[in-house]
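Residue numbers (my numbering), protein chains in the order written: chain V, 20 to 313; chain E, 20 to 313.
What the hints contain is simulated information worked out from the structure, not anything from laboratory work.
Treat the hints loosely; a few may be bogus.
Claimed, not checked - Label-pair restraints from in silico Cβ distances:
#1 E/Phe158 x V/Pro168: 30 to 40 angstroms
#2 E/Asp201 x V/Gly123: 36 to 46 angstroms
#3 V/Arg124 x E/Gly139: 46 to 56 angstroms
#4 E/Asp171 x V/Ile61: 29 to 39 angstroms
#5 E/Asp41 x V/Ala169: 52 to 62 angstroms
#6 V/Ser57 x E/Gly58: 35 to 45 angstroms
#7 V/Ser226 x E/Ala195: 52 to 62 angstroms
#8 E/Gly53 x V/Pro112: 29 to 39 angstroms
#9 V/Gly94 x E/Glu296: 47 to 57 angstroms
All C-beta atoms in this analysis are idealised placements derived from N, C-alpha and C, irrespective of residue type, glycine included.
Listed below are the residues making up each chain.
2 protein chains.
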Amino acid sequence: MAAARQVLARSVPVGSLVMSYDFSVATAVRSRGGTVDSGSVIYDAEVHAGWDILGNANGGYLMAIAARAMADAAGRPPLTVTAHYLSPGAVGPHTVEVGAVRVGRRLATMTASLVNVASGREVIRLLGSFGASDPDGPFHVDATPPAIPAYDECFVDVDGGLPDAQPIPELQQRLAMRLAPDSVGFRSGRPSGRAQVSGWFAFADGSSIDEFGLMLAADAFPPAVFNSGLPVSWVPTVEMTVHIRGLPAPGPLATVFRTRFISGGMLEEDGEVWDSEGRLVALARQLALAPRPL
Amino acid sequence: MAAARQVLARSVPVGSLVMSYDFSVATAVRSRGGTVDSGSVIYDAEVHAGWDILGNANGGYLMAIAARAMADAAGRPPLTVTAHYLSPGAVGPHTVEVGAVRVGRRLATMTASLVNVASGREVIRLLGSFGASDPDGPFHVDATPPAIPAYDECFVDVDGGLPDAQPIPELQQRLAMRLAPDSVGFRSGRPSGRAQVSGWFAFADGSSIDEFGLMLAADAFPPAVFNSGLPVSWVPTVEMTVHIRGLPAPGPLATVFRTRFISGGMLEEDGEVWDSEGRLVALARQLALAPRPL
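Throw the hints in and build the complete structure from the sequences for me.
Quick look at the structure:
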């Protein structure tokens, strides 16, 4: 969760760097071989240009790359993944070192470290548990999808030429996101006063959304705090945890993000991601540094 | 989060084992020396008898032991700690191996592993970020403490001699917890039908509650799902994340726990912990295996 101020140029030249609009390509990982049974497994990955906000790779995108490697090593899909954000993600070659904590019958718990090859710096550290869901388990839901207008009635997240508009992050070129009408006020200096953002999430190229796409969806929207009335500023994520509760049905995802507590220099952001059939598919929560006037 | 069925005897004899009602004693850790700068630091710890449910040490209690070691190594208090639960916690000697992921100016990110010395088995793996809060940051709260009756009007969590009552976990002897009247129905086979439990948390010996006590408070109440109407059964925690948002003022803590989604064999439980001055001091979320009829 990091956001744009009035900066008019992207800070990272694309040049000859790898760049793909296809999320599965942009988060691909390649094992160097071996299994976690015999220690850690190293994966090669590439942080692609264009999945960033002012040159900083999106936090959900980075989690998706590392979680893909973890799931591959675990041989099962993600259930709950936590990432701690250590340094900004930049485009270029990375490695994901995956280690097994415990591999059981029902669950496999894995740790991973995403490292920038050029700088040698660790970007995120992760801990997650992986396993298949149980379709025969009990079903009891006490919640409803967010009440947002239909996709075509929501706002394309562009500035509309308003002179005081916020710039649109490069990341949004990869996505076909739409913001609910009550969520767009901050873009033109008229925040709703309530720290909430809701809207639709989809890939611009129409790709289907898998478990790793849900991790991007959990962090792709403008920070809910932008609608609080506090100054719009960087909101660096300290930690994000995503629970994967299902594989989405085709179609855009309905999302809502809320921040209820800004205190002690920190804020949480709680996210819900629902599929087109009205099923919750992910719950996300992050702890971030509260924005401070620059 | 694990709970009692109709079992009448505790499964672990106390015998000569270490046992303390004092939470700070029962979660104490002793460094073997060294600093995380030069690799990992090993701490010795003791899982005390009496902080368990039917012989399984409480998940928040286990997190508190390990997080104490992590905070000691980091030299700062916890902000967000995630634990993945790997095997049941039993009384007896344990080690906590703490490693530094990144030590920065504002935050220190640490990993830890709690291991049972007798069995050699890892019990929990943790990842957390530590740092001081910023009292000068912005303040904006859009929530109110849970609406529960005063401490003396809530229920002491005992069975009251009802023939169909659930037994009271040993852990409750260490605590002066009170359940809200609308939360106690499951104890006598009359769940409210809504997966919510609220009440007050305090230590039986009147000790003040620090950041680590908040981790216990986050996991000490009966699972909210017990009031859903589903069968009361084991609810094993896969992962729990606790955000520490403040140090509590003296007095009992007001808490509320809710489960909204039981699906795919999993459930989440969201907890809020508020202090006696009406300030939110912790947010907790866990992912657990959904109860299945035995």
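Which of the listed hints are broken here?
3, 4, 6
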